[in-house]
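Residue numbers (our numbering), protein chains in the order written: chain S, 1 to 253; chain V, 1 to 277; chain E, 1 to 282.
Honestly, the hints are just simulated from the structure, not real lab data.
Cβ atoms here follow ideal geometry from the backbone N, Cα and C, with glycine treated the same way.
A couple of the hints might just be wrong.
What the hints assert, rightly or not - Label-pair restraints from in silico Cβ distances:
| # | chain 1 | residue 1 | chain 2 | residue 2 | range |
| --- | --- | --- | --- | --- | --- |
| 1 | V | 47 | E | 165 | 49 to 59 Å |
| 2 | S | 6 | E | 38 | 47 to 57 Å |
| 3 | V | 83 | E | 43 | 43 to 53 Å |
| 4 | S | 92 | E | 43 | 18 to 28 Å |
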Amino acid sequence: MRSGPAFAAGLFRYLPIVFLLLLWHMASTFHLVSTAVLPPLSSVLSSGYDLVSTAEFWDNTGSSMYRGGMGLLLAIVIGGALGIAMAWWKPIRYVSSPLVEIFYPLPKSALIPITALWLGFGDASKILLIFLGCMLPVTIGAFNGARGAEQTLIWSARSLGASRWRTLLDVVVPSALPELLNGARTALALSFILLVSSEMIVARKGLGYLIGFLGDGGNYDAMFAVVLVVAALGFFADRVYLAFARRVLRWRE
Amino acid sequence: MDSAVLDRAAAGGAQAANAQIVIDRLSHTYRPAHGRPVLAIDDVSLTVGRREFLALLGPSGCGKSTLLYQLGGFLPTETGTITVDGKKVQGPGPDRGIVFQHFALFPWKTVRANVMYGLQRMSLPKAEQERRAQEFIDLVGLSGFEDSYPSQLSGGMKQRCAIARTLAIDPEILLMDEPFGALDAQTRHLMQTELLAIWNRSPKTVIFVTHDVQEAVYLAQRVAVMSARPGRIKAIIDLDFDRRDPHLTKSKAFVDKVDEIWELVRGEAIKAQAGKA
Amino acid sequence: MARINQGGAPMASPEHDSGQLPHFVRSFGWGVVAWLPVIILLVAWEVVARSGTVTPFMLPTLTRVFERMGSELVSGELPIAVGLTLWRALAGFVIAAVLGIALGLAMARNRFFYWFFDPIISVGFPIPKIAFLPILVLWLGFFDLSKITMIAFNTIFPVVTATIVGVYSVEKEIIWSARNLGTSERGMLWEILLPAAMPQIFTGLQVALPIALIVGVLTEMAMGGYGVGGSMQTASRMADSLGVFAGIFEIAVVGYVMVKLMAMLRRHLLRWHQESQEPTTV
Chain S
1 MRSGPAFAAG
11 LFRYLPIVFL
21 LLLWHMASTF
31 HLVSTAVLPP
41 LSSVLSSGYD
51 LVSTAEFWDN
61 TGSSMYRGGM
71 GLLLAIVIGG
81 ALGIAMAWWK
91 PIRYVSSPLV
101 EIFYPLPKSA
111 LIPITALWLG
121 FGDASKILLI
131 FLGCMLPVTI
141 GAFNGARGAE
151 QTLIWSARSL
161 GASRWRTLLD
171 VVVPSALPEL
181 LNGARTALAL
191 SFILLVSSEM
201 IVARKGLGYL
211 IGFLGDGGNY
221 DAMFAVVLVV
231 AALGFFADRV
241 YLAFARRVLR
251 WRE
Chain V
1 MDSAVLDRAA
11 AGGAQAANAQ
21 IVIDRLSHTY
31 RPAHGRPVLA
41 IDDVSLTVGR
51 REFLALLGPS
61 GCGKSTLLYQ
71 LGGFLPTETG
81 TITVDGKKVQ
91 GPGPDRGIVF
101 QHFALFPWKT
111 VRANVMYGLQ
121 RMSLPKAEQE
131 RRAQEFIDLV
141 GLSGFEDSYP
151 SQLSGGMKQR
161 CAIARTLAID
171 PEILLMDEPF
181 GALDAQTRHL
191 MQTELLAIWN
201 RSPKTVIFVT
211 HDVQEAVYLA
221 QRVAVMSARP
231 GRIKAIIDLD
241 FDRRDPHLTK
251 SKAFVDKVDE
261 IWELVRGEAI
271 KAQAGKA
Chain E
1 MARINQGGAP
11 MASPEHDSGQ
21 LPHFVRSFGW
31 GVVAWLPVII
41 LLVAWEVVAR
51 SGTVTPFMLP
61 TLTRVFERMG
71 SELVSGELPI
81 AVGLTLWRAL
91 AGFVIAAVLG
101 IALGLAMARN
111 RFFYWFFDPI
121 ISVGFPIPKI
131 AFLPILVLWL
141 GFFDLSKITM
151 IAFNTIFPVV
161 TATIVGVYSV
171 EKEIIWSARN
181 LGTSERGMLW
191 EILLPAAMPQ
201 IFTGLQVALP
211 IALIVGVLTE
221 MAMGGYGVGG
231 SMQTASRMAD
241 SLGVFAGIFE
251 IAVVGYVMVK
261 LMAMLRRHLL
271 RWHQESQEPT
281 TV
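Could you put together the complete structure from these sequences and hints?
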């Protein structure tokens, strides 16, 4: 249960956001700016309300979530495993690190036309795009974390009777976790950018596509509403992720 | 039991018969990723008896920790051999427990889970694992902190936990790498007394690395003084103090011994400093 | 790349890091040997593309991609595209850097600024700002202005947060010593706080620059116009896969050079700062 003072403090903290929303509303209702370029908050909210009661909206949301979730999952699992493997086995490090070094600075958005070229406009190309685009931040986080695993911890596990495999699982993987999770947070943010923009550029479905479609049709109220939905999804995904990471790393406090 | 301890102490020098650890003409070169190779240990031979408490004393960077890590099997032996109970050391094993200066507790595991870790690697019934973990947590005085994470403990408590974790697997040999070096003076003194008490109760072979002369003289039956890099054994001193005497550290015999050994170490410490510049 | 090739880091692996490679490799050919995996990858690409197991549309041969880049270079298309993309990305980046550092400093030093902007920054940072692109187009049109605004809008957040963290982490003792030595408020900002926070701020900039390139390419793809992203999108629409792959190579080189330049600049500007590690970024 949230106590009164804590709630008031939260309200006070987010007051500037309320203020901005109010400013938006007043700017359009008092015709300081044209409602054509900035629809009033109230009409955005009401068309948003209409929108969420359509199957079309949920269809597009589901499609975006599926693509983003799958791509991100692959990126975290495969990227994390690769980073830890690079830290633990020298041959893998020698083979992978120049490749990682070359692909890491590539602006990931350039992969959009390539994945479309390979897999078309559907789910597969988006999942591949997000997987490829989001993998390396996780890999590098996992690598740095695993490589930073304290030598004495590894030695302790070995002298307490752990095999090399057990040591990898029991010491190196948990040591890699804080930085791996940090990389995964970067990947999460990047996945939203790649997802929404690739859907705006090359797609027949998804929230990014819906934004473009509504905008092209001049339905700005609804377009603003979808933009706000996407922003809220990104925000809450980050907060849920942070809560998850804090729980996983609670031993650090 | 106490007289047995004293007997062992008196027998200090002559363990060739019950030698447990034999280090024979060991040399080790440290090769950093960048820079020139450094000869860290040069032709060291040393024999340690079963249930002996030996201190390895020397200035920082003299290779005493390297020697300990080779004994532990963490670093490979290149030149020379180390045998434990007649078997060559090939790698780490639960027969040689180690305690590090910076504790090396698994930070993501609670005190109990840390102490349980080695027990879980042995094929013991779960109830027995838990009973033994609790026994050693109680022994080092951490009762009530079983569910704390290491980050919630003070330095002294962390080291108690690390000692419990190592003792729990009942190693025959205890390797200690400046275990009290990161603690404040009072805690250090307390831990020294407790370590002696634990050792008196269940004697193990202890190799205790330190650069603190007083600590070495207070704890060990024998002190091996190492020279500055490259590390060699410069002198071996037998000690036979009665550690039960509460005024021991103020006695003339003790103070004289500390002075004598300090003279040996001082020259090496100066050399080590000059070597760094 | 972020910290990946730095020696001296504690080793996770129980292997020893030296003395295992033949000596000649370490002294002479190390540079070439280290890049062998990249060379093998490129050769494999050429072999696979020539073997006919995949269509030239899916994977054109490397030689043809390079020929294409050569002809674009001669015709001037390549320098124009790269120049335009770089101009927009850098313009947005510089605007974000200047505004971001100023805002970060103001927030770290002034409680009202902090109160007002903190929720906006903490809500704005994680949201996918690229979704606002159609709105910006609506307001600012299709040309450079909306693109550069979008880039700045995306890149300002890491700069602001890094600046705040940087100023907050300046040691109290340094500030007190400076006060004690008679530093004025203004001097405190320019001579103490800004330099002391610089390692963190620079980390923020190193995170921001790749974002500027990513978003720059995205805006070109979504809105058209010249630039590497724009020409890749055009090529993709016309099923001109050679153009798409040529674009990938061009933008990869741009990204690589930018990241390396930032790292060099960091080493130069932050010589005094011992660790000077590169950050983990996108």
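Exercise. Among all the numbered hints in the text so far, which are the ones the structure does not match?
Worked result: none
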